[in-house]
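K.L.:
As a plain string of letters, each chain reads:
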Amino acid sequence: MDSAAASAIPRGQVDLVDFVDWSGVECLNQSTSHSLTNALKQGYRDDVGLHLESDADEQLLIYIPFTQVIKLHSVVIKGPEEEGPKTVKLFTNKEHMGFSNVSDFPSSDSIALSPDNLKGKPVNLKYVKFQNVRSLTIFIEDNQGGNDVSKVQKIVLYGTTVDTTNMKDLKKIEEH
Amino acid sequence: MVLEATMICIDNSEWTRNGDYSPSRFQAQAEAVNLICGAKTQSNPENTVGVLTMAGKGVRVLVTPTSDLGKILSCMHGLEIGGELNLTAGIQVAQLALKHRQNKKQQQRIIVFAGSPIKYDKKTLEAIGRKLKKNSVSLDIVDFGECDDGKPEKLETLISVVNNNDSSHIVRVPPGPNALSDVLMSTPIFTGDGDGGSGFAAAAAAAAAGGMSGFDFGVDPNIDPELALALRVSMEEERARQEAAAKKAAEEAAKQEKEGEQASSSHDATMAEPDSSSASAVDDKRHKLTDDETALLEQALAMSMDDPKSTNVAVADTDMSEATADDQELAFALQMSVQDNVKDSSTHSEMSKALEDQSFVSSILNSLPGVDPNDASVKDLLASLQGQSEPLQKQNEDKPENEGDK
Numbered sequence: 001m002d003s004a005a006a007s008a009i010p011r012g013q014v015d016l017v018d019f020v021d022w023s024g025v026e027c028l029n030q031s032t033s034h035s036l037t038n039a040l041k042q043g044y045r046d047d048v049g050l051h052l053e054s055d056a057d058e059q060l061l062i063y064i065p066f067t068q069v070i071k072l073h074s075v076v077i078k079g080p081e082e083e084g085p086k087t088v089k090l091f092t093n094k095e096h097m098g099f100s101n102v103s104d105f106p107s108s109d110s111i112a113l114s115p116d117n118l119k120g121k122p123v124n125l126k127y128v129k130f131q132n133v134r135s136l137t138i139f140i141e142d143n144q145g146g147n148d149v150s151k152v153q154k155i156v157l158y159g160t161t162v163d164t165t166n167m168k169d170l171k172k173i174e175e176h
Numbered sequence: 001m002v003l004e005a006t007m008i009c010i011d012n013s014e015w016t017r018n019g020d021y022s023p024s025r026f027q028a029q030a031e032a033v034n035l036i037c038g039a040k041t042q043s044n045p046e047n048t049v050g051v052l053t054m055a056g057k058g059v060r061v062l063v064t065p066t067s068d069l070g071k072i073l074s075c076m077h078g079l080e081i082g083g084e085l086n087l088t089a090g091i092q093v094a095q096l097a098l099k100h101r102q103n104k105k106q107q108q109r110i111i112v113f114a115g116s117p118i119k120y121d122k123k124t125l126e127a128i129g130r131k132l133k134k135n136s137v138s139l140d141i142v143d144f145g146e147c148d149d150g151k152p153e154k155l156e157t158l159i160s161v162v163n164n165n166d167s168s169h170i171v172r173v174p175p176g177p178n179a180l181s182d183v184l185m186s187t188p189i190f191t192g193d194g195d196g197g198s199g200f201a202a203a204a205a206a207a208a209a210g211g212m213s214g215f216d217f218g219v220d221p222n223i224d225p226e227l228a229l230a231l232r233v234s235m236e237e238e239r240a241r242q243e244a245a246a247k248k249a250a251e252e253a254a255k256q257e258k259e260g261e262q263a264s265s266s267h268d269a270t271m272a273e274p275d276s277s278s279a280s281a282v283d284d285k286r287h288k289l290t291d292d293e294t295a296l297l298e299q300a301l302a303m304s305m306d307d308p309k310s311t312n313v314a315v316a317d318t319d320m321s322e323a324t325a326d327d328q329e330l331a332f333a334l335q336m337s338v339q340d341n342v343k344d345s346s347t348h349s350e351m352s353k354a355l356e357d358q359s360f361v362s363s364i365l366n367s368l369p370g371v372d373p374n375d376a377s378v379k380d381l382l383a384s385l386q387g388q389s390e391p392l393q394k395q396n397e398d399k400p401e402n403e404g405d406k
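These protein sequences, in sequence, are chains E and B.
full-length UniProt numbering applies: residue 1 is where the first sequence begins, and numbers increase by one.
full-length UniProt numbering applies: residue 1 is where the second sequence begins, and numbers increase by one.
Hints are computed from structural coordinates only; laboratory data are not their basis.
In this text the structure is predicted, and so the values were computed from the model without any measurement.
For glycine and all other residues, C-beta sits at the position ideal for the given N, C-alpha and C.
Heads up, a few of these hints could be off.
Label-pair ranges, simulated between beta-carbon atoms [claimed, not checked]:
1. E:Gln131 / B:Leu3: 31 to 39 Å
2. B:Gly150 / E:Asp15: 52 to 60 Å
3. E:Gly24 / B:Ala240: 51 to 59 Å
4. E:Gly49 / B:Lys57: 54 to 62 Å
5. B:Gln27 / E:Ser23: 40 to 48 Å
6. B:Cys147 / E:Ser23: 43 to 51 Å
7. E:Gly145 / B:Lys105: 31 to 39 Å
8. E:Thr87 / B:Ser22: 50 to 58 Å
9. E:Val14 / B:Lys105: 24 to 32 Å
10. E:His96 / B:Arg232: 46 to 54 Å
11. E:Glu81 / B:Gly176: 57 to 65 Å
Please model the complete structure; the sequences and the hints are all you need to start from.
P.N.:
Right under this line is the structure:
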């Protein structure tokens, strides 16, 4: 019952994976064999064998720019019980953050993931803080088991778009 | 052509005063730095390079990452040597400088010159390495100068911790005659992980080695393509000509017993052309040696004969069919005699036998209008040609006969 509700998309929201600007997606401290695309991209993220893994230590810093301005409603972060993330901080509209300046300013939202969340239950965010989001930075501070390596199976972002012009949709007016 | 921001960490500690690299460790380091800056900026115009010193009073950033090569080179002047190397602080400051680079899209790289002993333990170095890896900073280490126990291992561990996908390297440069910059040029530090600065590196290497611009024929095809093309074409033509001549010479050398003049004429021709050691077989070389003698002999005889025909032999082309019978015999005799002198292989044994036939030789000489067998120079010539005492005696016998004729 819970998992069924979890997989249903919250009302009125869309999966924002279509609006991700893939050319600017970055992830610090990821291991080369297990990269961010495994957790984020459609198709990859549903593959149980593929996951995102951290490298030198357990922290991960994920930067996701969008092609247009969005409002973020909720997120789903799936991962294994032990190595799945625990403390996750979200920052909006901050480009090129590094591990050194995650503590420089307060996060837009900070969530502590429960094992339920790791199974797919969406986490509702402070919607008011995510009204005008151009880019999102996800900082995974530690994991459930306190291991050296954090693993993330799937990251899904739910929200709506603010009606901004998508330049690709612009078509030339035909002269008659 | 990776877009990169590089921080170069220079060692200006007391250990770099040493002269085991010429002119001194510090100078060699400075040259290497200059070369690296050039290579980086050439491989991608948007690359930036910065420099800091690690020893002295403390870590000091001389220039923040910039693409202005002049600024970098000028800040290398007037650097003072002193103090001790502070590796950890140096790397951390470099990391900070890179973090505040203008163009965030650039990859981060730190190049460290380690000329003095490392006093840190492996744990500290590993911690630093992990931090670098976490922030996706690549590290290159140039290990030169002091080599105390543990230094190579420490640096190796540091590189292995930082290394991500083979983007970090360590190079050990032992002291020796080669300049530090020359050794570095062949390393991945310079060649920038495969592509990128390899063009510059190759050109620079050639320039250092040959003092040329690094291109064929000393002409930059970019600057003067027509000249470069003309030079290349003429070189190829020359090579083709020499190969053809060598081939012909080789063929004629095989036919030498029957038609000796062919070989000598053709070798005269080849002598006139620029020497090409690659084209010449052993035969050619030998003939070239004897060619000088042959040419001189022929010239001397030609002058004494005052015969235009023989001058043809001296400067003859390879076409033997035009030669007259006299020239043939003369050149043939000379050829054989010269070969006999050099004590050649058995292929020429037949000719030497013919030479030994004194009557044959004297008949030739008598047939020549201008040659007087009594002439001392001719006698000496004959003596040298024969190289045997017997013919000499025979000549002495002939002499009174001729005198009698006269």
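K.L.:
The structure should be examined with respect to each hint, and the outcome stated for every one.
P.N.:
Right, here's what the structure says about each hint:
Taking 31 to 39 Å as the suggested C-beta distance range, the pair Gln131 of chain E and Leu3 of chain B conforms, at roughly 34 Å. Restraint check, Gly150 of chain B to Asp15 of chain E: a C-beta distance of roughly 55 Å satisfies the suggested window 52 to 60 Å. Judged by the Cβ atoms, the range 51 to 59 Å given for Gly24 of chain E and Ala240 of chain B holds: they are separated by roughly 57 Å. Range check, Gly49 of chain E to Lys57 of chain B: Cβ separation about 55 Å, and the 54 to 62 Å hint holds.
Between Gln27 of chain B and Ser23 of chain E the CB atoms are about 45 Å apart, so this pair conforms to the stated range of 40 to 48 Å. As the Cβ distance of Cys147 of chain B to Ser23 of chain E is approximately 46 Å, the hint placing it in 43 to 51 Å holds. Between Gly145 of chain E and Lys105 of chain B, the C-beta spacing of about 36 Å keeps the proposed range 31 to 39 Å intact. In this structure the hint that Thr87 of chain E and Ser22 of chain B lie 50 to 58 Å apart at CB holds, the actual value being about 57 Å.
The hinted range of 24 to 32 Å is satisfied by Val14 of chain E and Lys105 of chain B, whose Cβ atoms lie roughly 30 Å apart. Taking 46 to 54 Å as the suggested C-beta distance range, the pair His96 of chain E and Arg232 of chain B conforms, at roughly 49 Å. At roughly 58 Å, the beta carbons of Glu81 of chain E and Gly176 of chain B sit within the given window of 57 to 65 Å.
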